[in-house]
Each structure stands twice: as C-alpha cells, then as structure tokens.
Amino acid sequence: MNRLTSKLQNLKESNKKALVAYLVAGDPNLDTTLDLMHLFVDSGVDVIEIGVPFTDPIAEGPIIQKAHDRALKNNISLKMILELVDKFRETNTQTPIVLMGYLNTFISHIELVQSIGENSADSILVVDVPGELNLQTYGITNPNINIISLISPTTKDDRVESIAKNSTGFIYYVTLRGVTGSSNLNIEEIKNNIQKIQQYSDAPTMAGFGIKSVEDASTLAACSDGIVIGSSIVEMIADESKSKEFGRIGEYLREMKTAIS
Amino acid sequence: MTFSNSNFPDKEGFYGEYGGKFVPETLMYALEELENTYNKLKDNKDFIDEFYKDLSHFVGRPSPLYFAQRLTDHYKSGSIWLKREDLNHTGAHKINNTVGQILLAKYMGKKRIIAETGAGQHGVATATVAARLGLECHIYMGAEDVRRQSLNVYRIKLLGAHVHPVDSGSATLKDALNEALRDWVTNVDDTYYIIGSVTGPHPYPMIVRDFNSVVGKEVIEQSKDLFGKMPDAVVACVGGGSNAMGIFHPFIDIKETRLIGVEAGGEGVSTGEHAAPLNDGTPGVLHGARSYLMQDESGQVKDTKSVSAGLDYPGVGPEHSWLKDIGRAEYVAVSDDDALKAFHEVTELEGIMPALETAHAFAYLEPLMKELDSSTNVVVNVSGRGDKDINTVAEIDGIEF
Ligand SMILES: Cc1ncc(COP(=O)(O)O)c(C=O)c1O
Chain B
1 MNRLTSKLQN
11 LKESNKKALV
21 AYLVAGDPNL
31 DTTLDLMHLF
41 VDSGVDVIEI
51 GVPFTDPIAE
61 GPIIQKAHDR
71 ALKNNISLKM
81 ILELVDKFRE
91 TNTQTPIVLM
101 GYLNTFISHI
111 ELVQSIGENS
121 ADSILVVDVP
131 GELNLQTYGI
141 TNPNINIISL
151 ISPTTKDDRV
161 ESIAKNSTGF
171 IYYVTLRGVT
181 GSSNLNIEEI
191 KNNIQKIQQY
201 SDAPTMAGFG
211 IKSVEDASTL
221 AACSDGIVIG
231 SSIVEMIADE
241 SKSKEFGRIG
251 EYLREMKTAI
261 S
Chain L
1 MTFSNSNFPD
11 KEGFYGEYGG
21 KFVPETLMYA
31 LEELENTYNK
41 LKDNKDFIDE
51 FYKDLSHFVG
61 RPSPLYFAQR
71 LTDHYKSGSI
81 WLKREDLNHT
91 GAHKINNTVG
101 QILLAKYMGK
111 KRIIAETGAG
121 QHGVATATVA
131 ARLGLECHIY
141 MGAEDVRRQS
151 LNVYRIKLLG
161 AHVHPVDSGS
171 ATLKDALNEA
181 LRDWVTNVDD
191 TYYIIGSVTG
201 PHPYPMIVRD
211 FNSVVGKEVI
221 EQSKDLFGKM
231 PDAVVACVGG
241 GSNAMGIFHP
251 FIDIKETRLI
261 GVEAGGEGVS
271 TGEHAAPLND
281 GTPGVLHGAR
291 SYLMQDESGQ
301 VKDTKSVSAG
311 LDYPGVGPEH
321 SWLKDIGRAE
331 YVAVSDDDAL
341 KAFHEVTELE
351 GIMPALETAH
361 AFAYLEPLMK
371 ELDSSTNVVV
381 NVSGRGDKDI
391 NTVAEIDGIE
401 F
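As given, the protein sequences belong to chains B and L, one line each in that order.
First residue of the first sequence? That's 1 in our numbering, and the numbers climb one at a time after it.
First residue of the second sequence? That's 1 in our numbering, and the numbers climb one at a time after it.
Since the hints were derived computationally from the structure, they do not count as laboratory data.
Any given hint could be a false lead.
Cross-link-like lysine-lysine pairs, in silico, BS3-like; alpha carbons within 27 Å at most [what the hints assert, rightly or not]: (1) B:K257 to B:K87; (2) B:K16 to B:K244; (3) L:K255 to L:K229; (4) L:K11 to L:K157; (5) B:K66 to B:K87; (6) L:K42 to L:K111; (7) L:K11 to B:K165; (8) B:K66 to L:K305; (9) L:K45 to L:K76; (10) B:K79 to L:K53; (11) L:K305 to B:K156; (12) B:K156 to L:K45; (13) L:K11 to L:K76; (14) L:K42 to L:K106; (15) L:K53 to B:K156; (16) B:K212 to B:K7; (17) L:K42 to L:K76; (18) B:K244 to B:K66; (19) B:K66 to B:K79; (20) L:K111 to L:K53; (21) B:K156 to L:K40; (22) B:K66 to L:K302; (23) B:K7 to B:K165; (24) L:K11 to B:K73; (25) B:K244 to B:K196; (26) L:K229 to L:K370; (27) B:K191 to B:K87; (28) L:K45 to L:K106; (29) L:K302 to B:K73; (30) L:K42 to B:K156.
Chain B regions said to be covered by chain L (calculated; three or more residues, Cβ under 8 Å) [unchecked claim]: (31) 87-100; (32) 119-129; (33) 171-182; (34) 189-198.
Where is the CB? At the ideal position from N, CA and C, for every residue including glycine.
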C-alpha cells in the first residue's frame with residue numbers, strides 16, 4: 001500500500017490527527033531543505049509536503065511566492081527534488097512525501113513523474129488542476145503516486161462528490177477564499193463543509209491554508225483528519241536562514257503537534 | 001444577431017488541444033457562474049441591444065476602414081486599409097471588451113471590478129467603464145510597466161481606480177495577471193475579473209473574442225462597400241491576441257483572406273530575447289489555459305522582452321495556438337527596431353500615430369507588400385493610438401522634456 005495511505009489509515013485507527021508541514025525545495029538551498037525535512041520528522045510531523053518551485057505560483061501569497069523565487073535562483077528542478085527525496089529516503093523510509101506544484105512543471109517532466117518508484121515521493125498535488133480533471137489525461141498514470149485533490153469553500157455540492165472520488169491520497173480542504181498565508185478563517189463554514197465532504201467520501205480530509213496559531217490548529221484538527229501548515233513555517237525558514245538556527249521551527253511544530261493531539 | 005459563428009471552443013473550453021480551465025479550485029465556481037451567465041445573455045435581445053448601443057454611443061463605433069493613400073504609395077503594391085480602432089473612446093480596441101464585460105458584471109450583481117494591464121490601455125478601458133457604472137475598481141500593473149506607461153497610470157487614477165504595482169517575478173504583464181488571479185481567489189464572492197485579452201481560463205478567451213469580433217464583422221461590411229470584395233490579407237499585432245482575434249474571427253470561414261498575426265520579436269527571435277511564443281515557444285499551461293508558451297526545458301516561464309508593454313507577455317490566447325496548428329492563420333514576428341521604424345513612418349506618412357503594439361503590425365507590411373501585387377487589398381488593424389508611448393519613444397530617441 002502507498003506510504004501515505006497507510007500512514008493516514010494508521011493515524012485514523014488510533015484516533016490521531018495528522019500534522020502535515022510544507023516547505024519549498026531549495027529554499028534557501030537543497031542541503032538545508034534536507035536538514036529541515038529531518039527536523040520536521042523529529043518534531044512530530046507526519047507528512048512532508050514539498051513545494052515544487054514555479055515562476056507563476058498563482059495560488060500562493062507573498063510569503064510562499066518569495067520562497068519560490070529564492071528556490072528558482074538556485075535553478076531547482078523536479079529532477080533535483082526527486083534526488084533530494086532519494087537522499088532523505090536513505091535514512092527515512094517511513095514519512096510520506098507529497099509534491100505540491102503547478103501543472104506545467106509536472107507535464108514538462110512527464111517521464112520523470114512516470115518513473116517515480118516505490119521508495120520515493122508518494123503523492124502529487126497539482127494546485128491548478130481542478131479535482132474532476134483526471135491527471136491521467138495528462139499522462140500521469142504512475143501507480144506509485146497517488147493524487148490529492150482540493151476542495152474549497154466555493155465548491156458546489158455536486159462537484160464535491162466527483163472530486164472526492166478522484167482523490168486517491170487525501171482530500172485537501174482549502175480553509176479560506178484566498179491564497180496561502182491569508183488570515184480570514186471562518187470556523188463554522190469550515191466545519192460544515194468538511195462534514196459534507198465526509199458524507200461523500202471515506203478519504204481522509206486535511207484542512208489547510210491560513211492556519212497559523214495553536215488555537216486554529218486545535219479547532220480545525222477537531223473537525224478534520226489533520227492540518228497542513230505552510231506559510232508560517234516558510235516565513236520562519238526565511239527569517240532563520242541567515243543564522244542557520246532552525247530551533248524555533250522545531251519548537252513551533254511540537255506545539256502544533258500537541259495542540260492537535 | 002448572435003455573437004459567434006464558430007463551433008469552438010468545445011464544452012470544456014478547448015480549441016483543439018488548447019485552452020481549458022487550469023485554475024485553483026476556489027475559482028471553478030466563479031468560472032461556471034460566468035459561463036452560465038454569458039451563455040444565457042449572449043442570445044438575449046436586451047443584452048445585445050444594450051451592448052451595441054454602448055458601442056455606438058459610448059465607444060463611437062463603427063470605426064472607419066480608412067484608405068491609407070501615402071502608405072499605399074510608399075509600398076507601391078496593393079491597397080492598404082486601416083481599421084481605425086485607435087479612434088475608439090480611450091484610444092484602443094480594449095474598450096470593446098470592457099464595455100461587454102462590465103455589462104456581464106452588472107447582470108451578475110458584482111460590486112467590485114479588478115483587471116490586469118500591461119500597456120495600461122486595458123486598465124484605462126476598465127477604469128472607464130467602472131467609473132461609468134460607479135463601481136469600485138482595482139488595476140494590477142507590473143512595476144516595470146507602471147514606469148514605462150506612467151501616463152496611463154495617471155489616467156487610471158483620474159478615473160477613480162486604484163493602481164496596484166506588482167513587484168514579483170519580471171514585474172510585467174504576466175505578473176500583473178498572477179496578482180489579479182490572486183485577488184480574485186480572495187474576493188471571489190463580490191468581485192468581477194475583467195480579463196484584458198483572449199487569455200486565461202475558459203470562458204474568458206471566448207467572451208473576449210466575441211466582444212471584440214465586432215471589429216471583424218464591421219470590416220467585412222466595410223470591405224464590401226469600399227472595394228467590393230473581401231480583403232486578401234488582414235494583419236494584426238498579437239500580445240495576448242484580443243485585437244487580432246477580434247478581427248480574425250469573423251474571417252475564419254472566409255478562406256480567401258489571409259490572416260496574419262504579428263508577435264513581438266524584441267531583439268530578434270533568434271536571440272531568445274523576445275515575446276513571440278507562437279514563433280518560438282512550445283505548448284504549456286499558464287494562467288489557466290494550455291497554449292504556446294515561452295518556457296525553459298524545466299517548464300519555468302521565461303522572461304520576455306519587447307519595447308511594447310502590451311505585447312510583453314510569454315503566453316498567447318489558446319485560439320491562436322489552434323489557428324496556427326491548423327494553418328488557418330500565419331504568425332510572424334518583427335523586432336523592436338523595425339516596430340520603432342514603422343511607428344515613425346506611419347506617423348509621418350499618414351498623420352496617424354500608432355501604439356507601439358500596433359506598430360508591429362505596420363512593420364510587417366514591409367516584407368508582406370513585396371509579395372503582393374497592386375490588385376490586392378490589405379487591412380491593418382490599428383489596435384490603438386500612440387499617445388501613451390510618447391515617453392518611451394522619446395527616451396529611445398534620447399529626448400528629455
Ligand atoms: C493598442 C494595443 N494593441 C495591442 C495590444 C495587445 O493586446 P492584444 O494582443 O490582446 O490585442 C495592447 C495591449 O495592451 C494595446 O494596448
């Protein structure tokens with residue numbers, strides 16, 4: 001079974017919530033990204049989401065946009081990211097890895113995506129492909145890779161069902177109208193919508209976009225199967241890159257982990 | 001009278017293998033709502049009447065098809081006719097689209113208008129129609145374009161709209177589009193996004209084409225009246241491709257008319273420093289649609305280069321990609337230098353100062369007219385007037401005010 005699927009199943013069976021943490025590959029450089037991935041795991045992260053840098057990341061707010069720009073200055077490519085995952089797998093074969101990016105990057109590297117083996121990345125999330133569009137149409141048929149679809153507050157009920165069916169990893173519920181890093185969470189709406197999704201699908205549902213504080217984390221974990229944290233980590237990576245002291249990130253993640261337990 | 005005479009796009013918004021709807025999930029409902037509204041209204045008599053009434057009374061349509069005597073004499077081959085979109089209110093073809101889209105916004109009850117702009121013409125055209133309806137308006141513009149099109153920035157502000165300079169990426173049109181999409185994702189419930197060219201996710205390329213195709217329809221009628229047959233060639237510049245699509249579209253089934261799109265060749269197509277995806281790009285996905293795109297081997301979008309802000313865009317409308325592949329339209333490129341030369345030439349010969357974008361279409365007359373004989377009729381789409389470019393041209397010519 002896919003590493004991500006079994007991990008999320010195990011968590012669910014033991015009544016635990018997943019902590020998903022995001023960073024951008026190559027921000028500020030690939031060696032640091034590798035160190036941070038291990039730090040994530042040591043601090044309680046269950047799933048690592050690796051942002052694949054793109055020149056035009058339309059779903060990202062300013063914090064993550066800048067991280068993409070920094071990574072692109074290092075000419076980070078999908079090939080380099082998969083090599084990074086190989087290195088990570090030398091010492092960690094357990095933690096699921098999701099590649100999150102934009103369609104043009106994946107279709108430009110279709111052979112590479114098709115060649116991803118069992119001991120590599122586990123899942124891809126393509127931000128600019130609506131859930132009912134099948135990635136197989138674009139040549140992505142690799143059985144080692146499962147697909148994560150997004151559902152948002154504006155998704156109508158009739159589409160929730162078809163999107164949920166296409167999602168083979170988890171369902172990513174976008175918790176706000178906006179780009180990553182915004183802050184206008186409407187907790188009631190989120191609760192209702194996640195309940196609706198769960199009526200249609202047994203797939204785990206993660207809540208993400210705009211989660212910053214431990215309060216947000218614990219409230220949202222209570223009504224979902226886990227939470228995704230992105231911008232606040234990426235911001236700390238940017239702040240602490242100069243000193244190469246990433247201790248605060250570990251501390252923050254441990255607090256988040258406690259908040260959702 | 002309906003808008004469209006073509007079977008494309010298909011239901012999913014594809015023109016052959018181009019187009020589609022590649023957007024974050026949050027926008028899917030908004031696109032569906034727009035498509036449903038448009039499909040309902042495009043055959044509705046009241047809506048069509050209101051659109052054509054605004055085009056005649058507010059925009060000043062129809063625009064003339066003007067015989068360019070001195071340009072014709074200059075090239076000594078076929079007759080050159082100018083479709084005078086430069087005479088429209090606000091000075092370019094862009095107003096045709098904004099007049100149509102603001103009506104859609106009104107019917108949909110949206111209170112807030114956003115748009116991206118490159119040369120500033122679409123920003124001005126959007127701010128103008130928003131002012132007319134008293135709607136809040138926000139224009140995203142690359143910081144580099146804010147600098148080189150400062151006159152239009154001021155015009156937009158005078159019209160009561162807010163200009164947001166965009167610093168990210170290359171700080172030009174593509175980045176302004178990114179930022180407008182981000183605004184739309186955030187404010188999707190009350191905001192209408194008036195996209196400025198035949199680009200973006202379905203249904204935009206279709207809607208913008210349909211509103212601009214009034215230009216081609218007029219040319220067909222005017223050609224019959226003025227020279228008794230269809231033109232042998234229609235020439236238009238291509239940035240995102242809206243002025244070209246507007247004049248090409250009614251001609252798609254008129255096979256005797258050559259359709260020629262002129263892209264921005266920048267420093268020259270062979271240098272890689274240009275904005276000519278149909279000449280030197282490969283299919284890719286940007287801003288919600290699959291189309292020809294300037295990209296590197298990793299699928300990253302390349303920076304573009306053009307003296308003309310309105311053509312400085314790495315992508316192009318999907319229907320142009322399709323017309324290229326099926327061979328119905330030809331796409332060529334001319335360099336900055338040739339466009340600047342044409343700018344001066346047309347200004348001096350005809351007393352018409354074209355926009356730098358439009359100057360690219362004029363520059364292609366030089367090679368084109370050599371192939372043609374004196375019985376031919378060539379129509380150039382004068383997409384806009386050049387007042388906005390005076391600072392740029394003066395700077396290049398080393399003149400300080
Ligand atoms: C006068 C003029 N012509 C042409 C263009 C290019 O746009 P399109 O290719 O959509 O007509 C612009 C864009 O700003 C413009 O202002």
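Evaluation of the provided hints:
no., hint, verdict
1, B:K257 to B:K87, "26 Å, holds"
2, B:K16 to B:K244, "32 Å, violated"
3, L:K255 to L:K229, "13 Å, holds"
4, L:K11 to L:K157, "39 Å, violated"
5, B:K66 to B:K87, "25 Å, holds"
6, L:K42 to L:K111, "21 Å, holds"
7, L:K11 to B:K165, "22 Å, holds"
8, B:K66 to L:K305, "23 Å, holds"
9, L:K45 to L:K76, "46 Å, violated"
10, B:K79 to L:K53, "56 Å, violated"
11, L:K305 to B:K156, "41 Å, violated"
12, B:K156 to L:K45, "30 Å, violated"
13, L:K11 to L:K76, "47 Å, violated"
14, L:K42 to L:K106, "14 Å, holds"
15, L:K53 to B:K156, "36 Å, violated"
16, B:K212 to B:K7, "24 Å, holds"
17, L:K42 to L:K76, "44 Å, violated"
18, B:K244 to B:K66, "18 Å, holds"
19, B:K66 to B:K79, "21 Å, holds"
20, L:K111 to L:K53, "23 Å, holds"
21, B:K156 to L:K40, "20 Å, holds"
22, B:K66 to L:K302, "17 Å, holds"
23, B:K7 to B:K165, "20 Å, holds"
24, L:K11 to B:K73, "40 Å, violated"
25, B:K244 to B:K196, "43 Å, violated"
26, L:K229 to L:K370, "22 Å, holds"
27, B:K191 to B:K87, "39 Å, violated"
28, L:K45 to L:K106, "16 Å, holds"
29, L:K302 to B:K73, "13 Å, holds"
30, L:K42 to B:K156, "25 Å, holds"
31, 87-100, "violated (count 0)"
32, 119-129, "holds (count 3)"
33, 171-182, "holds (count 5)"
34, 189-198, "violated (count 0)"
Hints 2, 4, 9, 10, 11, 12, 13, 15, 17, 24, 25, 27, 31, 34 from the earlier list are contradicted by this structure; the remaining hints agree with it.
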